[in-house]
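So the protein lines, in turn, are chains U and X. Counting in numbering that gives the first Met the number 0, the first sequence runs from 0 upward without gaps. Counting in numbering that gives the first Met the number 0, the second sequence runs from 0 upward without gaps.
None of these hints come from the bench; they were simulated from the model. Among the hints, erroneous ones may be present.
[Unchecked claim] Some chain X residues judged to face chain U by a derived CB distance under 7 Å, without partners named:
{"id": "1", "residue": "V51"}
{"id": "2", "residue": "V136"}
{"id": "3", "residue": "R155"}
It should be emphasised that the depicted structure is a prediction, and the values quoted were computed from it without experimental measurement. Note that CB positions come from ideal geometry on N, CA and C, so glycine has one too.
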Amino acid sequence: MITQNSNEEPSYLDYKGKYKGIFGWILSTDHKRIGLLYLFSIMSFFVIGATIGLLMKFELIAPGKTIITAQTYNAFFTLHGIIMIFAVVIPGLPAVFGNFLLPIMIGAKDVAFPRLNLLSWYFYVTGVTLVLISQFTGQGPPDTGWTFYAPYSFRTTGNMLPAVFGAFVLGFSSILTGLNFLVTIHRLRAPGMTWLKMPLFPWTLYATGWVQLLATPIIGITLLMIAAERVLHIGFFDPTLGGDPLLYQHLFWTYSHPAVYIMILPAMGAISEIIPTFCHKTIFGYNFIVASSIAIAFVGYFIWGHHMFTSGMSGTALYTFSLLTFIVAIPSAIKVFNWISTMHKASIDLQTPFYWAVGFLFVFMIGGFSGLVLGSLATDIHLHNTHFVVAHFHFIVFGGTGYAFFGAMHYWYPKITGKMYDSRWANIGLIIFFTGFITLYGAMFFLGMKGMPRRYYDYDEIFHTGNIISSLGAMVMYFGLAVIIINLVASLKNGRKAPSDPWGGKTLEWTIPSPPPVENFNEIPVITKGPYNYK
Amino acid sequence: MYSTTGIEASNYVSTYNTAFYFIAGVSLLLLFGLTIAMLYFVFRYNKKRNPVATQIEGNTILEITWTIIPVLLALFMFHLGWAGWKPTTKPPKDAMNITVIARMWSFLFVYENGKQSPDLIVPLNTPVKVNLVSLDVIHSLFIPEFRIKSDIVPGRQKFMWFMPEMEGKYKIFCAEYCGLQHSYMHSTVNVMSQEKFKVWFAESAKPIAVAGNAPGAVGEAIMRAQGCFACHTPDGTKLIGPSYLNLFGSQQVVIRDSKEVTVTVDPEYVKRSILDPNADITKGFPSNLMQSYRSTLSDDDILKIIEYLKTLNDK
Chain U
0 MITQNSNEEP
10 SYLDYKGKYK
20 GIFGWILSTD
30 HKRIGLLYLF
40 SIMSFFVIGA
50 TIGLLMKFEL
60 IAPGKTIITA
70 QTYNAFFTLH
80 GIIMIFAVVI
90 PGLPAVFGNF
100 LLPIMIGAKD
110 VAFPRLNLLS
120 WYFYVTGVTL
130 VLISQFTGQG
140 PPDTGWTFYA
150 PYSFRTTGNM
160 LPAVFGAFVL
170 GFSSILTGLN
180 FLVTIHRLRA
190 PGMTWLKMPL
200 FPWTLYATGW
210 VQLLATPIIG
220 ITLLMIAAER
230 VLHIGFFDPT
240 LGGDPLLYQH
250 LFWTYSHPAV
260 YIMILPAMGA
270 ISEIIPTFCH
280 KTIFGYNFIV
290 ASSIAIAFVG
300 YFIWGHHMFT
310 SGMSGTALYT
320 FSLLTFIVAI
330 PSAIKVFNWI
340 STMHKASIDL
350 QTPFYWAVGF
360 LFVFMIGGFS
370 GLVLGSLATD
380 IHLHNTHFVV
390 AHFHFIVFGG
400 TGYAFFGAMH
410 YWYPKITGKM
420 YDSRWANIGL
430 IIFFTGFITL
440 YGAMFFLGMK
450 GMPRRYYDYD
460 EIFHTGNIIS
470 SLGAMVMYFG
480 LAVIIINLVA
490 SLKNGRKAPS
500 DPWGGKTLEW
510 TIPSPPPVEN
520 FNEIPVITKG
530 PYNYK
Chain X
0 MYSTTGIEAS
10 NYVSTYNTAF
20 YFIAGVSLLL
30 LFGLTIAMLY
40 FVFRYNKKRN
50 PVATQIEGNT
60 ILEITWTIIP
70 VLLALFMFHL
80 GWAGWKPTTK
90 PPKDAMNITV
100 IARMWSFLFV
110 YENGKQSPDL
120 IVPLNTPVKV
130 NLVSLDVIHS
140 LFIPEFRIKS
150 DIVPGRQKFM
160 WFMPEMEGKY
170 KIFCAEYCGL
180 QHSYMHSTVN
190 VMSQEKFKVW
200 FAESAKPIAV
210 AGNAPGAVGE
220 AIMRAQGCFA
230 CHTPDGTKLI
240 GPSYLNLFGS
250 QQVVIRDSKE
260 VTVTVDPEYV
270 KRSILDPNAD
280 ITKGFPSNLM
290 QSYRSTLSDD
300 DILKIIEYLK
310 TLNDK
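Build the full structure now, drawing on both the sequences and the hints.
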């Protein structure tokens with residue numbers, strides 16, 4: 000029986016369970032420890048992916064061969080995409096901060112299925128390992144791009160099947176996490192926490208959970224079809240067997256487009272937590288932010304075709320997908336208006352997480368607006384598959400999800416580690432990172448408008464200036480990232496002890512000690528007020 | 000600027016510009032407005048200047064306003080994009096037909112009179128319909144100055160059409176990733192006056208108009224047009240396929256039906272390599288990359304190619 004006095008109960012970091020050392024982590028079913036397992040895995044892959052990205056930008060600083068061959072470059076952008084999409088941003092915020100904070104924020108002791116939760120992490124590690132192994136055991140290095148488009152991917156390596164099997168296992172990780180969160184939110188909310196008294200981060204995890212649960216199985220169907228084609232020679236995708244390459248693109252994007260919302264919705268949730276805390280003000284338009292999350296999750300299923308405007312779909316399909324793409328922009332716009340309105344008549348405490356939120360808003364708006372140019376048919380026909388698209392999705396996925404991830408990292412760091420970080424270095428790192436980010440991806444917009452296609456190892460002299468600027472930006476950004484990460488790691492040792500509520504937050508995680516005790520709450524709280532009550 | 004030259008080289012440029020400038024203009028306006036509002040709030044409602052926040056739960060009228068206005072803007076943006084795209088689906092009946100044959104990693108343009116060219120040569124102010132054929136994987140024909148692009152999907156009948164409206168030479172890129180030499184798969188569209196084009200079009204029924212009478216010059220020109228040098232070099236450098244240097248007449252170890260066989264590179268072998276390229280694969284090179292040239296090369300062309308190969312042997 001655990002003692003009733005919260006001061007005597009050990010924190011989840013000090014707790015000595017059945018297993019010692021590393022086994023105390025990799026066999027733990029504590030949602031907080033699992034969250035950190037994900038954090039460590041994801042950050043490791045992120046550093047690898049970012050380094051590969053930097054090497055690509057070194058190569059592109061001048062036309063012709065700079066540091067690597069075409070074959071290596073093609074392998075690099077393939078690996079960069081696979082690692083960043085499947086191993087970093089899709090699990091990203093839900094797996095790390097969702098796991099750690101969802102139960103605490105709704106007043107629960109753990110997720111609904113703790114063992115299933117641990118299994119999800121094992122699926123994640125297995126899936127990533129399978130995908131990476133498949134890329135290195137074929138006839139040559141990987142060179143299909145992370146999209147594995149048929150029929151090219153069928154021709155170059157024999158390893159399509161294990162790669163998609165890896166994605167399938169990763170998919171299971173995603174499905175189980177989604178299921179776990181949905182059940183947790185439905186069944187384990189603290190007494191008195193009605194749906195509309197729930198904080199916004201859990202709300203976005205709820206919307207994300209449905210996307211994970213319903214969209215991810217499409218990977219399974221695709222895998223079965225690839226298996227049938229490879230083994231039984233039934234032509235689904237390969238034109239030499241009578242198949243249709245476009246069918247592959249449809250199936251791929253039917254999952255991979257909703258996956259974009261798995262990435263961005265929890266990011267929006269984190270921003271919705273950070274802004275009211277540092278504004279010391281209740282969030283503006285709570286109900287509308289909730290409704291827009293649900294709307295994004297719903298409409299997000301029906302717009303995958305905008306990846307295929309030049310592929311050769313029928314005209315009706317083209318303009319339907321284009322129209323729906325414009326519609327899905329509206330709920331995101333509503334969120335932005337509400338976030339900015341929250342700052343009106345606030346009392347803003349300018350701390351690092353808030354700077355990240357402001358940075359998020361700026362780059363997310365640029366990402367969103369550039370998406371309008373790509374959603375429009377006439378302009379997409381020119382810009383599709385150019386650097387403009389690369390700039391757009393880095394502004395959304397790295398700008399949106401990445402900024403929110405680092406914002407969340409700085410926001411919840413005291414809660415997770417029990418230490419405060421050095422905010423001066425954190426801010427310096429952010430400024431360097433932001434400058435590099437805008438230079439790196441901003442230049443890509445102009446390269447794309449000029450007509451430079453993506454996935455180009457070598458390029459015409461007319462694209463040289465833009466590439467120099469972009470590559471310099473990459474170096475600055477990478478340096479900023481290093482400052483940020485080193486500061487966070489060094490603060491683990493040097494940081495002063497964090498109080499339970501360093502920022503003046505009102506959601507439940509700030510009512511318990513930092514780091515939280517094993518069972519989170521001594522007594523499950525009874526909720527009587529809304530989540531951002533500053534009255 | 001977003002254009003390399005700022006000119007209106009095809010019938011799509013002005014509609015593209017309308018849609019692009021409207022969407023980008025409204026977007027930039029909103030971006031600046033919202034960013035300035037945000038920065039002003041951060042400055043004005045800083046903890047020091049405003050120690051106590053005013054709690055505001057929301058405002059339904061505002062919410063409705065900032066839902067309806069963006070919806071209307073978005074619908075108008077959609078309309079502009081749709082209106083600019085609509086003409087791409089309807090080629091004029093009198094359009095000139097050209098077929099592009101795309102393969103790893105070259106484009107070949109075939110005209111109705113049988114004339115072939117590695118560059119796309121078109122007359123000014125004449126609608127041109129390009130039928131898109133791929134022999135291997137998905138490619139994409141992209142002419143930035145024309146603001147037009149279309150994927151070339153194997154096994155699918157597709158076309159794109161445009162009206163060139165300005166004389167000059169413009170770049171063509173492949174815009175769908177297609178393997179090792181993807182970034183080297185490019186060409187040029189050359190827009191000529193209608194008179195000049197007529198002369199060029201009638202000039203020679205032969206596939207290639209050749210300059211020079213040196214031995215092998217015709218063969219070399221044919222091979223350049225077909226894009227052979229994207230994978231095979233004449234100077235001994237190893238790309239994805241074997242080099243031609245000292246190849247003709249030599250002994251080569253090839254894989255035939257999973258068995259190693261030694262063959263002599265004679266005219267018979269050269270012909271088989273061109274028309275049935277995957278029957279024998281030189282040891283150490285990947286298979287299933289090269290497709291047959293049966294549809295674009297005649298027996299006479301192959302004889303010319305052999306003449307050229309002979310010139311690459313050390314004397």
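Going down the list of hints, with the structure as the test:
{"no.": "1", "hint": "V51", "verdict": "6 Å, holds"}
{"no.": "2", "hint": "V136", "verdict": "4 Å, holds"}
{"no.": "3", "hint": "R155", "verdict": "6 Å, holds"}
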